[in-house]
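Asks: Using the sequences and the hints, build the whole thing.
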Amino acid sequence: MYLDVRGDWLSFVDEIPRALVAANAVASLQTLEQSPRHSHQKAQLLFTVRGIINCEVDDAVWIVPPQCAVWIPGGLPHTVFGSGVVECISLFIEPPEAPSLPDKCCTITVSGLLRHLLMRANGIPEHYDVDGPDGRIVSVIFDELAAAPIEDLRLPIPSDPRLKKLTDLLIAAPADRASVAEWASRVALSERSLSRMLAEEIGMSFGRWRRQLHVVLALRHLSTGQTVQAVAMDLGYESASGFVTMFRKMVGKPPTRYLLERPGSAPRDHAGR
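According to my numbering, the sequence shown is numbered sequentially starting from 25.
Don't read these hints as lab results, they were simulated from the structure.
Ideal Cβ placement from N, Cα and C applies to all residues, glycine included.
Some clues are possibly wrong.
[Claimed, not checked] Derived lysine to any residue pairs resembling SDA-like cross-links, with alpha carbons at most 25 Å apart:
1) Lys273 <-> Arg232
2) Lys189 <-> Glu150
3) Lys128 <-> Leu138
4) Lys128 <-> Pro157
5) Lys128 <-> Pro198
[Said to hold, decoys possible] Pairwise CB distance ranges, derived in the manner of DEER restraints:
6) Pro101 <-> Gly231: 25 to 35 Å
7) Asp38 <-> Ala202: 38 to 48 Å
8) Glu121 <-> Ser217: 21 to 31 Å
9) Pro173 <-> Asn146: 39 to 49 Å
10) Val154 <-> Ser265: 47 to 57 Å
11) Gly227 <-> Ala170: 32 to 42 Å
12) Glu121 <-> Ile40: 12 to 22 Å
13) Gly159 <-> Lys128: 22 to 32 Å
14) Gly147 <-> Ser265: 44 to 54 Å
15) Val154 <-> Ala202: 51 to 61 Å
16) Arg144 <-> Gly260: 37 to 47 Å
Replies: Now the structure itself:
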């Protein structure tokens with residue numbers, strides 16, 4: 025089964041009387057960009073084998089680098105698009121009463137065991153025997169998902185039109201090191217109003233919000249093979265070390281180590297160790 029977002033296909037997935045339905049997808053950026061906003065009754069787990077998957081919901085953009093997964097709760101409208109050629113495994117899940125699975129959109133760290141289970145699940149028939157080996161595999165997957173660490177790889181998107189415009193401006197010019205007051209004036213706000221609105225809508229200061237954007241953009245670029253030095257310059261940092269320090273504070277690990285733990289996605293230099 026190949027990943028598709030047509031309404032009839034999603035209805036078909038929702039009607040399959042199983043707790044897990046698997047779909048494999050290999051698509052280009054252009055193909056995934058054509059996916060309209062949609063939702064389904066079953067929750068969805070998107071595991072990125074190769075490339076970068078981005079998932080947009082009303083209030084955030086989630087980035088899914090290789091060897092990570094994004095959890096999309098059932099009924100949540102979303103759009104999925106990719107960067108370059110993307111290979112992913114998509115599991116549509118109707119959570120059992122136990123174990124407890126996430127109730128909000130989130131990025132999940134995929135362990136070696138869970139990765140092998142997800143690869144195995146990709147071959148499970150639609151109407152598998154729930155009491156047979158496939159059913160036991162599905163049960164273990166749910167156990168592993170419930171225990172998997174969650175990472176904050178998202179960019180909150182404010183709802184106010186002026187803040188949405190500011191989001192677009194920041195994404196278009198991530199290296200612009202203008203002051204908070206200057207950014208505020210570009211969307212007809214005072215610095216105080218901008219800070220207050222960001223705190224109310226997304227619970228972040230302007231500085232933290234911009235750093236979170238830099239992490240999201242950095243992971244996109246690093247996962248395609250760009251060097252730490254090149255990404256640091258693209259994001260407006262005076263040196264690679266300054267960028268690495270920011271990344272470590274935000275994510276908990278330097279960028280090279282972070283990506284080395286996800287096979288096939290490490291940057292080409294070692295400045296970020």
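Asks: Hints first: check each against the structure and report whether it holds.
Replies: Verification of the supplied hints:
For the hint pairing Lys273 with Arg232, the CA-to-CA distance comes to about 11 Å; that is within 25 Å, so the pair holds. The hinted pair formed by Lys189 and Glu150 fails the criterion: a straight-line CA distance of about 44 Å is larger than 25 Å. For the hint linking Lys128 to Leu138, the alpha-carbon distance of about 20 Å falls within 25 Å, and the restraint holds. Among the hinted pairs, Lys128 with Pro157 is inconsistent with the structure: their alpha-carbon atoms are about 30 Å apart, more than 25 Å.
Annotation: proposed proximity of Lys128 to Pro198 is violated, straight-line Cα distance about 28 Å (limit 25 Å). The beta-carbon spacing between Pro101 and Gly231, approximately 30 Å, falls within the hinted interval of 25 to 35 Å. A hinted range of 38 to 48 Å holds for the C-beta pair Asp38 and Ala202, which are about 47 Å apart. About 46 Å separates the C-beta atoms of Glu121 and Ser217, a value inconsistent with the hinted range of 21 to 31 Å.
A C-beta distance of roughly 22 Å is found between Pro173 and Asn146, which places it outside the suggested range of 39 to 49 Å. Take Val154 and Ser265: their Cβ atoms lie about 54 Å apart, and the range 47 to 57 Å holds. The beta-carbon spacing between Gly227 and Ala170, approximately 26 Å, falls outside the hinted interval of 32 to 42 Å. At roughly 19 Å, the beta carbons of Glu121 and Ile40 sit within the given window of 12 to 22 Å.
Between Gly159 and Lys128 the Cβ separation comes to about 27 Å, which falls inside the hinted range of 22 to 32 Å. Judged by the Cβ atoms, the range 44 to 54 Å given for Gly147 and Ser265 holds: they are separated by roughly 45 Å. Restraint check, Val154 to Ala202: a C-beta distance of roughly 57 Å satisfies the suggested window 51 to 61 Å. Between Arg144 and Gly260 the beta carbon distance is about 44 Å. The supplied range of 37 to 47 Å therefore holds.
Checked against the numbered hints listed earlier, the structure breaks hints 2, 4, 5, 8, 9 and 11; every other hint is satisfied.
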